[in-house]
Every structure is written in C-alpha cells, then in structure tokens.
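Engineer: Those sequence lines, one after another, are chains A and B. Here the UniProt record's numbering is used: the first sequence runs in plain steps of one and ends on residue 158. Here the UniProt record's numbering is used: the second sequence runs in plain steps of one and ends on residue 298.
Because the hints were derived from the structure by calculation, they are not lab data. For glycine and all other residues, C-beta sits at the position ideal for the given N, C-alpha and C. It is possible that some hints are incorrect.
Said to hold, decoys possible - If the Cβ cut is set under 8 Å, some of the chain B residues that face chain A in the computed set are:
#: 1; residue: Ile9
#: 2; residue: Cys10
#: 3; residue: Ile47
#: 4; residue: Tyr242
Said to hold, decoys possible - Label-pair restraints from in silico Cβ distances:
#: 5; chain 1: B; residue 1: Val6; chain 2: A; residue 2: Asp95; range: 24 to 30 Å
#: 6; chain 1: B; residue 1: Phe277; chain 2: A; residue 2: Asp19; range: 47 to 53 Å
#: 7; chain 1: A; residue 1: Gln3; chain 2: B; residue 2: Ser252; range: 52 to 58 Å
#: 8; chain 1: A; residue 1: Ser38; chain 2: B; residue 2: Tyr271; range: 42 to 48 Å
What the hints assert, rightly or not - With a cut-off of at most 30 Å between alpha-carbon atoms, the simulated DSBU-like pairs for lysine-lysine come out as follows:
#: 9; chain 1: B; residue 1: Lys294; chain 2: B; residue 2: Lys35
#: 10; chain 1: B; residue 1: Lys56; chain 2: A; residue 2: Lys7
#: 11; chain 1: A; residue 1: Lys40; chain 2: B; residue 2: Lys222
#: 12; chain 1: A; residue 1: Lys7; chain 2: B; residue 2: Lys274
#: 13; chain 1: B; residue 1: Lys35; chain 2: A; residue 2: Lys14
#: 14; chain 1: B; residue 1: Lys294; chain 2: B; residue 2: Lys274
#: 15; chain 1: B; residue 1: Lys222; chain 2: A; residue 2: Lys99
#: 16; chain 1: B; residue 1: Lys56; chain 2: B; residue 2: Lys236
#: 17; chain 1: A; residue 1: Lys61; chain 2: B; residue 2: Lys35
#: 18; chain 1: A; residue 1: Lys48; chain 2: A; residue 2: Lys20
#: 19; chain 1: A; residue 1: Lys99; chain 2: B; residue 2: Lys236
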Amino acid sequence: MSQRLAKEYRSHEKTLASDKSFSHVVDLSPVSDEDLRSWKATIEGPPKTPYEGFEFQLELKIPQRYPLDPPQVSFLPRSTPHCNVDYDTGRICLDILEKDSWSPAWDLLHVTHAIWLLLANPVPDSPLDVDLACILRANDTSAYNGLVRYYLKDESRD
Amino acid sequence: MGTSPVCPICLEEMNSGIGQLTHCGHEYHIDCLRKWHNASGSLNCPICRVESYILKDMDHNLTINLKKSFNLHLLITSVLSDLHFLDVSSLASSSDPGYGYTECDICGRGTRNGFQRFIRRQTGTEVSRETADGSRRLYCRACWDRVDDNGSPWGRRNREYQVQHSDQDFAAVDAGISRNGRVLENSANSRVRNAAVVKEPSEIEETWKLLDRLQHEQSRAKILEEKQKIQMHVRKTLDRYYKDSRFDITRSQYTDINKSVSRQLYELSLYAYKPGFVDYDLRAETLISEALRKERIT
C-alpha cells in the first residue's frame, strides 16, 4: 500500500497545479521525499470568515495501515482558534478523521479540503474549545468572529 | 498508463481479482476490500458508505453474501448456474434410490440426497469412486485423502493440497439447502439475526476464508478433471502395450510410465486440456514408446 502514497503525491501535485477549485490549498506535499509518512499542508483562510487573509499550516501523519486507517492531522500548536480545534495542541475534532467514519476511498487532498471547510463551518456540538463553542451556541456570531480575529492577530504579531 | 479502472483503495489498476459490491456497483480489488472490511469491522462500501454485502467475484463469476458466513445459498446458486448440463431441480426431487440417503464408506457420515451430494462434489468435500466390482462408493474428501494411495492421477506424494475437513463443511452445505433440495429463501428472521452479528470481525473473516477456499477448490477440481482427461489418452495407448504379450510390462512399470507420460503431456499442453491444440493420442504414443525404449522393454 505504500505505492499509494507515491501515487497520491503525483496526483495531488497535478491537481493543485491545474485545478482552480483547489486554489485554497497552497501546498500539500511530504515533508521530505525520503519519508512519505509525514506530510505538510498549507491552506488559505476561507473567504468571508474571520480566517480570511491568513494561512494555516497542517501536519499530516500517515499511519502504517493507511488507507485502512485515517491519517492523523493537526494544525500547528497555538495557530488556529476554532471551536473544533484544541488551540494549544492544534488537535482537530472532525468525524472523518476518526476510525469509525473514515473511508479508504478518501485521500489526503480530500482530508485537507474537509479541514478547510471545517474552518468556515464550525460545529459547536463537538467542541475542543469550549469558550468559542459557547459563544457560537449563543448565536453571537460577531463576538465569535471578533474573538477569533483577536487570537489570529495576536499570533501574527509574534 | 493503461486504460483499466483504478482500485479506489490502493489506487493501482484493476486488471484481475476484481470484486463488485452489487448493491451499489462499486468495484475494488477483492484483496483490498477484504482488508478494509477486516480493518473497519463493517461491510460499508468505501465510496458510498452504505452497507453493501453482496460481493460478486468478477474473475470466477461467483456471488457471495458477506453477511451469511455459512449460508452458502447464493454461492451454490451461482456454482450451479455454471453447470448447464445438469438439471438440478429434477435431480433434487428425483425418487431414484441412487440419490437417496448415502454415507461415506470410511467414516459413515451421511449425505441426505443427491442434490447435497452434488454440491459437496462441486465444493470438493465429497468423492465418488467406482470400485472393482462396478458399484459406486462415496467418501468424504478428507477420509479419501487419508486412505487413498492411488486414487489421484499423480499419486499421493505429489498432492500439493489439503482440504480442511470439519463438521462445518457439512453444516455449511446443510444450512443453504432445505429438505426438498430447494435453496432456502432469505427469511426476515435470519436477516435480523445476521444484522445483529455482522459487526463481529471474526464472522466477516470466516466468510472471506470460505470464499477463498471455494475458489481454491473450484480451480483444483478443474485441474484434476483436466489431468484425468489427459490420462485417459495415455491409458488407452498404454493398455494396448500392456495387454500385448510381446511387451512384458510389469504393473509398476505401467504406473510409472503412465505417470511420467501424463505429466509430460500436461506440461506440453501448458497445464490445460486442449484437444484442438495437442494431439494427445499421437503424443502419448511417441512418449510411451520412448519410455519403453528407456526401460529396455522393446
């Protein structure tokens, strides 16, 4: 199955270079060509969200049994304020990354795209950041966006 | 790059070993699908994520219900559909005593009717042999393998294959067939029961193992049949020499020559019986006289 990662590498490279619908994925490639089990990705913040104008880094760890097991994906620590992301560790709560919902027919580009969608569509019902989730549950969107931008600006100043 | 479709799981081309989930029509390498089912403990299709448990093995044209480990009725139906020459329904209901209750001559285990016997022979769990006095005897495959010394064409030493023998073989066949020999329909009851247990990975594994075994045994039965056909030609020619008193061929020489010539012919015709491609009688004649010369019989 390790052939699969090499095939994905070639195919994603081609897709990202030619397919405009994935223009929000700035980069998706192995950290080094020596080891296809460790990938990195860069995505743009979705437009019309507080994340717009920022870029986000992802780390993708590919388990031995991939694609039977899902990849482990996280944001860089302390980079992404989001109600489904643990701010301190970057851990992501997304059902398709869990073993029960994963499908081997998905690939790393699907996963990256799904995380981009998650940025724009926070799910307060399964939060990793309880404060942000509470604000969202109270339907106070402007407070949510304000708090997100506050954190983001804080990060970019460092 | 070829034009074959690509397996969604390993992303390799699918040239052989393809399985189709008949609920949704999605195709995968059977090996990849098996790994996914075993890894996930579910029978969901990776693409549409709907439970899809009727699998069609495209290479062997076999259909298997992955939910019913030991109810073989779909498989049996498909095996039977390949056997155009035999009218199964008439066989099953036949009152011919030949198709009545029979038992293995070695272990005494019973086979209720001709239909079941027929299935067992197809799946390689039963052997039927004619004895010297012309009557027909039945044996479990495992008993036969244990006792038989010269029953198989190349003898026992070269047997590359062993059949697992257990009560499950019998339970499996019995489960798929009702008393009158008709294939049992999928009752609502059993569907509920199967839905409840299908999450058990071991159950799914068992089904896969079963499919493997049936494929293996099917191809083995075919090989055996082709070898036997080739051997018929050899025997025919060799018998002529054997009966001719000018050639003083001993019993063991007969066996050896028969064996080696048959094997040569089998290799010559690329491991299949191809009467249009090889003139077996002519070749057998040449090879036999060569062998006889070597043995200094002529």
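Engineer: Next step is simple, just say for each hint if it's right about the structure.
Structural biologist: Going down the list of hints, with the structure as the test:
1. Ile9: 5 Å, holds
2. Cys10: Holds: closest Cβ of chain A sits about 5 Å from Cys10 of chain B, inside 8 Å.
3. Ile47: 5 Å, holds
4. Tyr242: 57 Å, violated
5. B:Val6 to A:Asp95: 24 to 30 Å: Cβ of Val6 of chain B to Cβ of Asp95 of chain A: about 26 Å, so the range 24 to 30 Å holds.
6. B:Phe277 to A:Asp19: 47 to 53 Å: 52 Å, holds
7. A:Gln3 to B:Ser252: 52 to 58 Å: About 53 Å separates the Cβ atoms of Gln3 of chain A and Ser252 of chain B, which means 52 to 58 Å holds.
8. A:Ser38 to B:Tyr271: 42 to 48 Å: The hint (42 to 48 Å, Cβ to Cβ) holds, given that Ser38 of chain A and Tyr271 of chain B are roughly 47 Å apart.
9. B:Lys294 to B:Lys35: 54 Å, violated
10. B:Lys56 to A:Lys7: 27 Å, holds
11. A:Lys40 to B:Lys222: It is violated: about 52 Å lies between the C-alpha atoms, which goes past 30 Å.
12. A:Lys7 to B:Lys274: 42 Å, violated
13. B:Lys35 to A:Lys14: This hinted pair holds, its Cα atoms lying about 29 Å apart.
14. B:Lys294 to B:Lys274: Between Lys294 of chain B and Lys274 of chain B the Cα gap is close to 28 Å, so the pair holds against 30 Å.
15. B:Lys222 to A:Lys99: 42 Å, violated
16. B:Lys56 to B:Lys236: 42 Å, violated
17. A:Lys61 to B:Lys35: 21 Å, holds
18. A:Lys48 to A:Lys20: Holds, at roughly 19 Å.
19. A:Lys99 to B:Lys236: At roughly 63 Å apart (the allowed maximum being 30 Å), Lys236 of chain B and Lys99 of chain A break the hint.
The structure fails hints 4, 9, 11, 12, 15, 16 and 19 (numbered hints given earlier, in ascending order).
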